[in-house]
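In order, the protein sequence lines correspond to chains A and B.
Heads up: the first sequence begins at 5 in the numbering used here, then just goes up one per residue.
Heads up: the second sequence begins at 47 in the numbering used here, then just goes up one per residue.
No lab work stands behind these hints, which were simulated from the structure alone.
Be a bit skeptical, because a hint or two may be false.
Stated by the list, open to error - Below 25 Å or equal to it, Euclidean Cα-Cα: the simulated DSS-like pairs (lysine-lysine) are: (1) B:Lys452 x B:Lys438; (2) A:Lys85 x B:Lys796; (3) A:Lys449 x B:Lys60; (4) B:Lys826 x A:Lys265; (5) A:Lys264 x B:Lys825; (6) B:Lys393 x B:Lys383; (7) A:Lys59 x A:Lys48; (8) A:Lys128 x A:Lys59; (9) B:Lys372 x B:Lys438; (10) B:Lys203 x A:Lys313; (11) A:Lys26 x B:Lys607; (12) A:Lys124 x B:Lys607; (13) A:Lys128 x B:Lys771; (14) B:Lys771 x A:Lys129.
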Amino acid sequence: MSMFEDIPVDIGIVYEGERIRKSDLFIELGGPKVENKFELVRVKKPNEVKDGQIKIIGKDISEFEEGSSIPIGILIEAAGKQLEEELEGVIERRIHEYGNYIEGFMHLNQRYDIWMRLGKRSYKKGLNSFKIIGEVLFRLFKSELPFIESMQVTFITDPKKVEEMSKEAMKIYEARDARARKLIDDDVNEFYGCDLCQSFAPTHVCTITPQRYANCGAISWFDGRAAARIDPKGPIYTIEKGECIDPVKGEYSGINDNAKKKSLGEINRVWLYSAFGYPHTSCGCFEAIAFYIPEVDGLGIVHRDFQGKTVNALPFSTMADSTAGGRQIDGFHGLSIEYMRSPKLLQVDGGWNKIVWMPKVMKERLADYIPKDIIDKIAIEDDVSSIDELKDFLKSKDHPVVEGWKELAFEEKVPEEEISIETTSPAMGMPVAGGGFKIILKDAKIHAKKIIIRTPKKK
Amino acid sequence: MTRKNVDLKIKELKSNLGIMKDLRLSVGKVIDDSWEETIGPTPYPSITDLRNWDMKILQKYKPFYMPFCDLCCLCTYGKCDLSNNKRGACGLNMEAQQSRIVLLAACIGAATHTAHARHLVDELIEKFGRNYPLDVGGTNVEVEAPVTRLVTGIRPKTLGDLDTILDYLETQINHLLSATHTGQEGNNLDFESKVLQAGMVDQVGMEIADMAQVSCFGFPKADPNAPLVDLGFGAVDPTKPTIMVVGHNVPPAIGIMDYLNEKGLYGKIDVCGLCCTAHDITRYSSKAKIVGPISWQLRFIRSGLPDILVVDEQCIRADSLEEAKKIKAPLIASSSKNCLGLEDRTKDPVDEIVNDLVSGQVDGVLILDPEKVGEVAVRTAMEVAPKRKKFKIIPEIKDLIEIAKKCNLCNECRRACPNDQEIPKAMVSAGKGDLTKLEKIYEECIGCGRCEYVCPNEFPIHSFIVKAGEKKMKQEQYKIRAGRGAIQDVEIRRVGQPIIFGEIPGVVAFVGCANYPKGGEEVAEMIEEFAKRRFIVVTSGCAAMSAGMVKDEDGKSPYEKYPGNFDAGGLVNVGSCVSNPHIAGAAIKIASIFAKRNLRGNYEEIADYVHNRVGAVGIAWGAMSQKAASIASGFWRLGIPVIVGPHGSKYRRMLLGRKDRKEDWYVYDSRTGERVYGGPAPEHLFYAAETKEEAMVMIAKLCMRPNDNTKGRAIKLSHYIDLHKRFYGTMPDDIHLFVRRLSDIPITMKDEIVRILDEKGWKERIIPDPTLLPRMVRKKANKK
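Isolated chain A, as found in the complex (with noise of 0.2 Å):
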């Protein structure tokens, strides 16, 4: 007997996209219509926890008349001897995964925000009580996080209870989220290693701490921590962090062992907080690329989804290309939007003050993380479209990396060097000399069956 058969409506992943229209809606949770809603995760002590216990707490879904939006609270409680705290960001995300899972039942969004639908079809198949629901989220929870021991699920309706709890919730998501932005890379003893990307990316080996979130942007180091937790054989692992080596650069014998172990013996150091040197190796997925220029000595940064060219007029795309494949390459370096929010961002490098570009949507998206003192001073592309304009750009800004210009000479235009392309004929393979000699020819048929040319790479 499969673990759903007494549910009334088939449950599966197949199930996951499945979008209810509103003219195909019984009621809806939630949402944009109603102001107050919530979900939350709490760990709990065992003797706290009754488990299998679903409650509702206001009215049902069969009470409500069709075609309702209602204020809605899902409250999970769980208990268990690996259960901590930090994990209950990432039991709550599973809610919308889980809750997707259920034919004719639709979530979006979380926390604050969870915007939820029930479709009429399966309202008549018989999901007409939050029970239900709530069995299916206790089956699929218990089955998938074996560190949850026990748990109880409840439901709330009452709409004076659910704005007293939501505000109650709002702390507690505040709380988390200060608690996660201050733990730093001291304060743990294991980081977490991930080997999905290796797939595509033999060599690169991805490595999460609280404070360098994985280069796709998908894993923080609870998701790695939760992860290796519930499937220890699984491709995300715990990496024990050894001894620091160097606190700033960021370098872990730990760190190093896993890679060289984990990289067939390619890759041998590693600096998590620098794009030069030994960084941090780029899969393929990063969501953006810190990408040196070296006419202004600064770095800029662009993310995946920005069309067109950047400042040194080279799309993504390409320099994607010379990034991926879980390579260590100097000044271009592959990075996730959150470690953007991390103050290690490339502080070998600089952090900020070495960041001199980039495209305005991140700007935006990046404000409140990005020092007051230098967002103005960072140019995107409205400001600048070539590396000459951002030369004046950063000057007239006074930039950080304009102090550095005079020591390397940059401020003195150096003319371009004008190479000459010899044209040697390759067929007489003969150098020409300037002067000298003369070479004379009469009558003279050259057959080549097949002539390459390379260009000469710039010095």
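Based on these hints, arrange chain B on the given structure of chain A.
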């Protein structure tokens, strides 16, 4: 840049360098080598260079022959009966003969696309020059020609570059075709390897044709938001003069649109197309309309709507001139490959030609100049339209009933019908005034007209069917997204990871024609099913049209419901037949853009990558021409499985894997070099499904790849199991072969599947980093 046969003559030159007299420099080939990507082992592969790879594939998917005919009639030693292990006069056995015919078909297909490409490129070079730059997607498409790069090792930049590549393709087709001569190749597997070469060549030929036309005609350039255009019989305005264009080579149709534009006649005349010319003309101008696929030709002509027919090449009914005559519409043939016995009037003055056509002095003309076709077609249509007043040969209902009464039920029509439609019964009912049975046949009819040719009473049976379906036909009014061309590199980057992991459960491509009873509906239904399941659904050619010919309860067609981007839940019309390589190209680009594998002349490695990691499946649902054979072969060589519809057994052989033979499914784990059981994924390379339900289950199943990660495999399995349960009512019997670790199990089915695994004595296995090529096993680095 590539150049061939450069010849330089210098009579006398005095310079600092020296004095030269009568210098003659000739160079066979000049190759630009500024492309820094390392060149792989097989640029411009000969017909044997990839033979080892082919044999690996053919070992896994052994050809299973289903002779369509026991005889060989190709030479005058014969006919030779090859049944029961007999050999022919030349010594060839049945297996080799079947694969030889497949090779012939694949060569015809490849030659057709390549000749089409040659025609386009030569004409465009003459018009725009050799140095005209190729541009298929601006800055969003860096890898402009994935298939060409992969096969030839060239990065084409200009029209002239395409010329050089075509030389190679033509040579290959020549060699391949010669292998089918009596007393040449004798081994079936070697024939099969040559079939794969023909398929690969075909893909390059198509890619070149589409690149040339996208670049020169300003078609949508890799645009997910290409415009929605009118589709369906009902979209044609019966009050306007109508020009019907049919075929695959778009320049004559463009000549028409340009002339209309120039004379400000847009809107006064309807230009509507069938088959791929229809796709390509709507890519050129969203004001043109698509009537429908190949099977709509007869019914559209007989409806009397077209005032002139302009035919170019491929998939055109050979009797189109006779059919046009019946409705008093003149015809212009515009391709040297399809002259229809007409006089070549290319050099005659336009006035004379128009006059001859309008007055009915000639039924049709051959004009081999696309611009002239444009002017003649428009002017003739304007003048002919008021005269013929949409003259049709579809009978009136009362006449139909009278004639039907005279049917003597000989049953010949039903016997001639490729789909065994019960025409005699429908005739009896019609004789009694009830047209519902004929109307039902309209929905299933593929418009071949064979029923009429066998009727001893010479009844226009097809016209009867069309009359019965007339009301439906006039309601056919839909929207289709014009062919967008290539897939952008940025799109690939976004979906590369979820595809490789299996989290986007598959890329499903519906190509070719849907010529099968209810074929269009079935294709549309399958497309909806997989788009809803958030696969990436890709379409091209007539299948793309069929896909659009349904509406939901809100009156929306699939192209209006699903976005046109290459992403989960997208419905992507790449364009005409020659746009097909954008599909294979997307798979190839995943390997290059996402996984950083070199493409250049590196076929085997990339095919190995695609085969083991990219969950793509092609579906060609209806009966189709030889082009389908070559298109499918191009997919096979990349290790991409193809499913064909119930007519598919007529392809003479399938490429079926044997999941019961464990030894067939070992791969190398490139991390360790160990040989590891990778499971039967994908299980088949070429498979004929009897029903749409069987096809849908098979699509979901064939999307599995050894590389899927556990989450991806769980998602793929849940689609496979869900569809299997829905259509067969049972759990599939081979789940244990696809579950490698417990975390592969779809979480909502855990109990049920774990029990099955226990029964089957299942053991946990490793998930390899899969490859069929020992050379891809990673070496330990010797760094300190």
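For each hint, the structure was consulted:
1. For the given pair, Lys452 (chain B) sits about 23 Å from Lys438 (chain B) by alpha-carbon distance, which is consistent with the 25 Å threshold.
2. About 24 Å separates the Cα atoms of Lys85 (chain A) and Lys796 (chain B), which keeps this hinted pair within 25 Å; it holds.
3. A distance of roughly 17 Å separates the Cα atoms of Lys449 (chain A) and Lys60 (chain B); the hinted pair therefore holds under the 25 Å criterion.
4. The hinted pair formed by Lys826 (chain B) and Lys265 (chain A) meets the criterion: a straight-line CA distance of about 10 Å does not exceed 25 Å.
5. At most 25 Å may separate the alpha-carbon atoms for a hinted pair to count; Lys264 (chain A) and Lys825 (chain B) meet this at roughly 13 Å.
6. Our distance criterion of 25 Å between C-alpha atoms is met by Lys393 (chain B) and Lys383 (chain B), whose separation comes to about 18 Å.
7. Of the supplied pair hints, the one linking Lys59 (chain A) and Lys48 (chain A) holds, its CA atoms being roughly 17 Å apart against a limit of 25 Å.
8. Distance restraint check for Lys128 (chain A) and Lys59 (chain A): the Cα-Cα separation of roughly 22 Å lies within the 25 Å cut-off, and the hinted pair is therefore satisfied.
9. Among the hinted pairs, Lys372 (chain B) with Lys438 (chain B) is consistent with the structure: their alpha-carbon atoms are about 8 Å apart, no more than 25 Å.
10. A threshold of 25 Å between alpha carbons decides the hint, and for Lys203 (chain B) with Lys313 (chain A) the separation of about 20 Å falls inside it, so the pair holds.
11. This hinted pair checks out: Lys26 (chain A) and Lys607 (chain B) have alpha carbons roughly 16 Å apart, not beyond 25 Å.
12. Simply put, Lys124 (chain A) and Lys607 (chain B) have alpha-carbon atoms about 21 Å apart, close enough for the 25 Å limit, and the pair holds.
13. For the hint pairing Lys128 (chain A) with Lys771 (chain B), the CA-to-CA distance comes to about 22 Å; that is within 25 Å, so the pair holds.
14. Of the pairs offered as hints, the one joining Lys771 (chain B) and Lys129 (chain A) holds, with about 19 Å between alpha carbons and a cut-off of 25 Å not exceeded.
Comparing the model with each numbered hint stated earlier shows that all of them hold.
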